[in-house]
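There are 2 protein chains.
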Amino acid sequence: MTSKSGIHEKNLEKIFYPDSVAIIGANKVRGTVPHDILDNILKADFNGIVFPVSPKEKFIAGIKAYKYVLDIEDPVDLAILVFPASVCHMALEQCGQKGIKSAIIISAGFKEVGGEGVERENQIKAIADKYGLSFIGPNCLGVINTDPQSRINASFARKMPEEGSIAFLSQSGALCTAVLDYAQAKHIGFSKFISFGNKADISEIDLLYYLKDDPKTKVILMYLEEVSNGNALMKAARDVIAGSGKPILILKSGRTSEGASAAASHTGSLAGSDEICAAAFRQAGIIRCSDIEEMFNIAIAFAYQPPPNTNNIAIITNAGGPGVLATDAAIHDGLKLATFADKTTAILKKNLPRTANINNPVDVIGDARADRYNIALSAAFDDPAVEAVFVILTPQSMTEIDLIAREVAKVSSHYDKPVYASFMGEADVQEGIEVLQRNKIPHYPLPEDMCKAVATVYKFHQEKHDAGDNIASFDDVRIDNARAILEHAAAQNEPFLTEDTALKVFAAYGLPVMESYLATNQEEAVQFAEKSSYPVVMKVMSQDIIHKYDLGGVALDLKSATEVEAAYNTMMNNIRTRQPDANIKGVLVRKMIPKGQEVILGVKRDPSFNSVLMFGLGGIFVEVFRDVSFRIAPVSEREACAMIDETKSSALLKGARGQAIRDIPAVVEAIQRLSQLACDCPQIKELDINPLIVLEEGRGCFVADAKIMINHTVKSS
Amino acid sequence: MTSKSGIHEKNLEKIFYPDSVAIIGANKVRGTVPHDILDNILKADFNGIVFPVSPKEKFIAGIKAYKYVLDIEDPVDLAILVFPASVCHMALEQCGQKGIKSAIIISAGFKEVGGEGVERENQIKAIADKYGLSFIGPNCLGVINTDPQSRINASFARKMPEEGSIAFLSQSGALCTAVLDYAQAKHIGFSKFISFGNKADISEIDLLYYLKDDPKTKVILMYLEEVSNGNALMKAARDVIAGSGKPILILKSGRTSEGASAAASHTGSLAGSDEICAAAFRQAGIIRCSDIEEMFNIAIAFAYQPPPNTNNIAIITNAGGPGVLATDAAIHDGLKLATFADKTTAILKKNLPRTANINNPVDVIGDARADRYNIALSAAFDDPAVEAVFVILTPQSMTEIDLIAREVAKVSSHYDKPVYASFMGEADVQEGIEVLQRNKIPHYPLPEDMCKAVATVYKFHQEKHDAGDNIASFDDVRIDNARAILEHAAAQNEPFLTEDTALKVFAAYGLPVMESYLATNQEEAVQFAEKSSYPVVMKVMSQDIIHKYDLGGVALDLKSATEVEAAYNTMMNNIRTRQPDANIKGVLVRKMIPKGQEVILGVKRDPSFNSVLMFGLGGIFVEVFRDVSFRIAPVSEREACAMIDETKSSALLKGARGQAIRDIPAVVEAIQRLSQLACDCPQIKELDINPLIVLEEGRGCFVADAKIMINHTVKSS
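Residue numbers (numbering that gives the first Met the number 0), protein chains in the order written: chain A, 0 to 716; chain B, 0 to 716.
Here chain A stands alone, though its shape is the one from the complex:
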């Protein structure tokens, strides 16, 4: 699909800005999709020519109809297919012959129904590829562009939305109808509105890139059910955010549908698909929303107002209770109540009644009319310590709701600072809310929602957004070495690498391992131990032994040749007695790693995001607290640091409770090297370094035990 992205780029322009449109399968039956689409295009006053194509009708809605698209003499920029799925391929073939490069396939009955639907979808994809044609759908509601230059409602939605700067993309067509209704009632406008359905050709990735450069779009919203190519989505999101500064808000469903799959590693069992998705979105700078309302709450804050440069807000209210609720919420969400300058307090004191609260939150008191709001608003906006103004109103008996809304619009228009409002209630406050909405002042029914939305905007602008290209690449790695080992194991059908072999893979990637030796007899073990230095550890290596500790296959802290000899014999006796048929490769001997803080590093494969990295502190912190962090590989140094910082227990690496400060930079490097290994070697199915022992500052960290599970179905690219 990515190979077509260059083609899509050109063709997408004609989906949103066609000079001429053919509606293939149009009819005269009111209340059917084919009819409603034509009707919608005509009603929206499309800035171009429409050609109905119908096998039966000579004209529809007073417009000449064509039997086939090929019968149209004029050029056609965009084809909208509303034929039954079974005949779509024929219509699309003719579109190709006609030289049409852009299409919207509304028709359902493809991949989503399984069976022959899948074949049909492949068929239309093949036709599109043959003709270099790009299409949206199938199985979608259609596409809307409110830009007066085009003004096309190529959808069977009930309504045409207002013009605006929010782009909305949705994998669910049905949700679109609810969103359009919701948005219309709140005067929320859209730049582009796209139901992309099965995304058989043009995907959400292509659309993100298109919207990045769309001058009409300031904020991008998406409802997504399935992340098909997580890495491409992350890359696109980073490119859009870093390149255009446009925020991307995604509502992702399917949170609970897949439990963490049964897995052979810690990393496998801890990384549920939803945790991974959450980590990936955060990493790419995507704002994940928990419902449609939250999504639009945040979107209007982005779309209507400049971002707050600091988190110092002023609250103006005519009701004490809601003022307290707003203060609670603001502090909770990371905002601050600005401390007013003396001048501000003086103005408020002079002009507000004695019972008013002249400090932040300012309470202009229940009987306040518009003039008092004016005084408080002007004073707050004028105060250099105030970065954003929050206006709260409850409908009390003397409240001039409509006038106060106008006052908010008027006063705020003289300042560059953002303003937000919450007029609480419903029917009585409606006329005021309409004034706010028409003046693009973000309105929230609850002060709590206002605080949450603004805090999200503030945080987004505080974060550094890069295109994800500042990834360190270690050029001392021996990629061929690692791959050769992994491919050999795969060829031998080995389910996992024994530790001696895993250590070789790590060594090839510069991960910190202590020198070790695979002894095949007692003498070799002693010889290596003497050459190295005591104490040493020994572990039996065998593909047949999963739990070597339980079988007595591990000996620690051996301090002399005598102890090594004795331990070697005991170990062999243990195995011979307890698992006599185990095929023993040898005994791994290495110097024992000094005491330090144990951490876990892991890699897991995810069907959407490929290489997932995990970090956590060993033992109870992982098992009981699940205090772990995830990132999608590759990770930058900053992200590797953040992985560590994100866990609460990392305090122990930093010297909490009188512990030694550990060599965190060494761990950061290990995470980055592991990231590179995970990306380079798809043969690694899952991987646990458990533990990595982290020594004191400057003394490094070392792999003390590790497991690499092999994927037998992939090859290096």
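Hint data in this document are derived by calculation from the structure and do not stem from the laboratory.
Fair warning: there could be bad hints in the mix.
Because identical chains share one entry, a pair is satisfied inside a single copy or across any pair of copies.
[Said to hold, decoys possible] With a Cα cut of at most 16 Å, we get these calculated EDC-like pairs of lysine to aspartate or glutamate: (1) 653 x 622; (2) 451 x 290; (3) 158 x 425; (4) 185 x 425; (5) 647 x 433; (6) 647 x 622; (7) 647 x 626.
Assemble chain B onto chain A, guided by the hints.
Okay, now just chain B, sitting in the frame of chain A:
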């Protein structure tokens, strides 16, 4: 205040059901409070007689006015005071003389303005006490009773709400206006609507007891800014819930206003006022809401539908995306998707189109009209595995919104099972929503809110609610002993008890302490160590030494008389060198406690809830993870168990990661004994047992170190 509760009980009846009302301070000026209240009473068609009292007017609104309340010849049940604060006391005095027992004081200008306002409030309280009169307010919006038997709108709210089974109490009058507006638009009715203002006389506690027995009220909602008497609130809540089954929902503001106060103990620094409030509410069975919308979302689920007996729900939707969102939310909130009986699937398969999803969540597909909803609804309700039905709708082009809403109402009326709906959108779905609202089918704009509300109802009905009277009382405690020690320390102005004395207090309450001895010389130390058994520990005891470890004032694991002697000398040398002017009480000698799991128990005083207990595992679990739990004393055995279970790290007591299983029953008993101590001895300001060492099953637990801070301003009751 509690002493008046018997009086309030009788007088409250007349506040809600008066046969005659005097409005004292009424006037003819439209748009003022005194006028609007009279107007509201008349407009609402009050079932009784109104007497305006006005110093100036002969009549108001066609009704004869009286100069003084004493001029009214007929009996008056309820006085509503709308005079300025400065003259309220005179009016109230006359009410008392007239024999009026119930009043609502609307007027502001009392405690809330400070200074002379506080005096005024005390003045009216005194008058009320003198005449055995009860009043609501001052500084409130008033009271509404929708019951046709009374139908009184004794408030200056803009509107009279519909009749309903929800009672709403609010400390903020201004918030009431927003709530009334919000509720009216959603056809939410109220049984009683009460703005209680400064609660100078009748408090939220009195009102809770009144509403417990009010046959018109099924659910109680409260907005609260300040918990004046937390223990009374908890008791009232428990009495209401256990006695009547009515749920209590509270929106409590001021969450972030007070940070955890700087404190000398772990318990002090960890227990912020909001955490304590949250724990207290949970303990009392109160449902804490995070905003007004959530509060009403839950309230209508309680008020309109029977509670679900199991968490097995069915979802019926005409839109796949929202179906997935609802499923996500339901699972997340602890609900389950029922597995349909074969019969159900067969009916759905036969009667729904081929492309429909006949499993749960049932997707009747975008073009569904009312008939398909009927089929799916009936099948779901008929299925014995289904306990509750969730209906979702998006406004697609063929959706019969109004008819489908009627279908939901009709079908569900034949079953005892609860039904809930989410018609997504806004304007287009409005007529359907009105149908649902009129038929008391709880409606939610978002499926996520629906799931959260229903899950809350389900959990409330699953929980055991008792009146809090099953508290174990240990009769082997020596309360006088403990108090004598504490009072002595208070008299000596000692800021804290040294460990030797603290252990005596614990011993008096049967808390597990090892025998110890306060040696004043080397010989005594050795003597006790020999008599006890080795190893022993020694700690220097001094009011002047806070950090005895740092000064070398602690010696552990002493295995012989020689070691004890040596350690004693070293310790004395250490102190003499490092803190020469410390006044040394002696050296505490006791047998060393064997290794075990260290936990912390603590007590803190809270201005609202008095005795707060804390439990946590020692070290990093408290300091880094803040993995602690709180309860208000006294606690039952069940609550003590829950305190332990609530912490994640308690897994370590239960044998996680191959650890020994610890003597949890001993900890449960220790918590209960500590609870009794905290309640009995107000002289304890703060207390830390850190650590309590918990041995293996059946071997008990022991206090290894402890601190008791003394409160010098209280006496035992």
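query: Which hints, by number, does the structure contradict?
result: Structure breaks hint 5 only.
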